[in-house]
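The task is simple: from the sequences and hints, build the whole structure.
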Amino acid sequence: MSDTSQNASKSQNAGEIHTNGNDLLALYNYDSFVPEKFERWMNFDASPPLGRPAPDFPLWQLGGTQTSLSSVWSRHMYTVLEFGSFT
Amino acid sequence: MDARAAQFAAQDVGAVFIYTNEAHPGEYYPHLTSMEQKMRHARDLRDLLGIRRPILVDSLDGACHRAFGSMPNMSWIFTGSGIPVYKSDWTDAGSIENALEYFVGVAQRRRTGERLAPFRVERLDFRDQDREAFYDGLERNGPKAVREFREAFG
Numbered sequence: 001m002s003d004t005s006q007n008a009s010k011s012q013n014a015g016e017i018h019t020n021g022n023d024l025l026a027l028y029n030y031d032s033f034v035p036e037k038f039e040r041w042m043n044f045d046a047s048p049p050l051g052r053p054a055p056d057f058p059l060w061q062l063g064g065t066q067t068s069l070s071s072v073w074s075r076h077m078y079t080v081l082e083f084g085s086f087t
Numbered sequence: 001m002d003a004r005a006a007q008f009a010a011q012d013v014g015a016v017f018i019y020t021n022e023a024h025p026g027e028y029y030p031h032l033t034s035m036e037q038k039m040r041h042a043r044d045l046r047d048l049l050g051i052r053r054p055i056l057v058d059s060l061d062g063a064c065h066r067a068f069g070s071m072p073n074m075s076w077i078f079t080g081s082g083i084p085v086y087k088s089d090w091t092d093a094g095s096i097e098n099a100l101e102y103f104v105g106v107a108q109r110r111r112t113g114e115r116l117a118p119f120r121v122e123r124l125d126f127r128d129q130d131r132e133a134f135y136d137g138l139e140r141n142g143p144k145a146v147r148e149f150r151e152a153f154g
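Residue numbers (the numbering used here), protein chains in the order written: chain A, 1 to 87; chain B, 1 to 154.
Read the hints as simulated data drawn from the structure, not as lab findings. It is possible that part of the hints are untrue.
[To be verified] A partial selection of chain B residues facing chain A, derived with a Cβ cut-off under 8 Å:
no., residue
1, Thr33
2, Ile77
3, Gly113
4, Ala117
5, Pro118
6, Asp136
A quick note: this is a predicted structure, and the numbers were derived from the prediction, not measured. No residue lacks a Cβ here, since even glycine has one placed at the ideal position from N, Cα and C.
Structure below.
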């Protein structure tokens, strides 16, 4: 499952981050909440604009089944997405 | 947010939680190194913190999260055709409710024959700042998470 997800996401983000896959995994999944590690990821000002089609991405259900962002938003007239984690 | 999801469900509004990287890794919930671990943390979010909305897990490198700005607790609202109509760098139930009431109203107005054209608006919303509750949450992650946040923001 992890190999599949990593390969899929790399192909969707080619050129976005100029680093190899292992570096990206370690940088994104930073091990300490210190400014030099988390501030680089806070790019809300450069996020997709409202009113234009958004990019699609693979996502996984908790049981491991793959789905996609587009399959989520297409189920309802509107869909609220909250991003977050346990921590 | 679960209550808001239930409030609007009958009006064809869905709600999903997308699991990202760990914003404040600690001894009990360290940074992620595998999809299996990410799934485990996501299940704990559901089982221990009681999130009732469907939880979907992003790839380990955060492809989806990064594409939308990587904020640790942001929210977006999409139309059924994948057009984002609301984005917020923080999740606030009151702000979401306000937006959904407006968008559901737009759909109702269109059904009655009103001709509507979109326009852009910026707005600064305000959220509760409960520092004590926030630190309680950090303690669940481990002392390291508390210490690092204090060092970063006091």
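Restraint check, 8 Å cut-off on beta carbons, for B:Thr33 near chain A
holds, 7 Å
With a cut-off of 8 Å on the beta carbons, see whether B:Pro118 makes it to chain A.
Constraint on B:Pro118 satisfied, holds at 6 Å.
Hint B:Ile77 vs chain A: min CB-CB distance below 8 Å?
Nearest chain A Cβ about 5 Å off; hint holds.
Cut-off 8 Å, beta-carbon criterion: hint that B:Asp136 touches chain A:
violated, 13 Å
If you take the shortest Cβ to Cβ gap from B:Gly113 to chain A, is it below 8 Å?
violated, 18 Å
Classify the hint on B:Ala117 as holds or violated, based on whether any CB of chain A lies nearer than 8 Å to its CB.
violated, 11 Å
In the structure shown, a violation is registered for the earlier hints numbered 3, 4 and 6, in ascending order.
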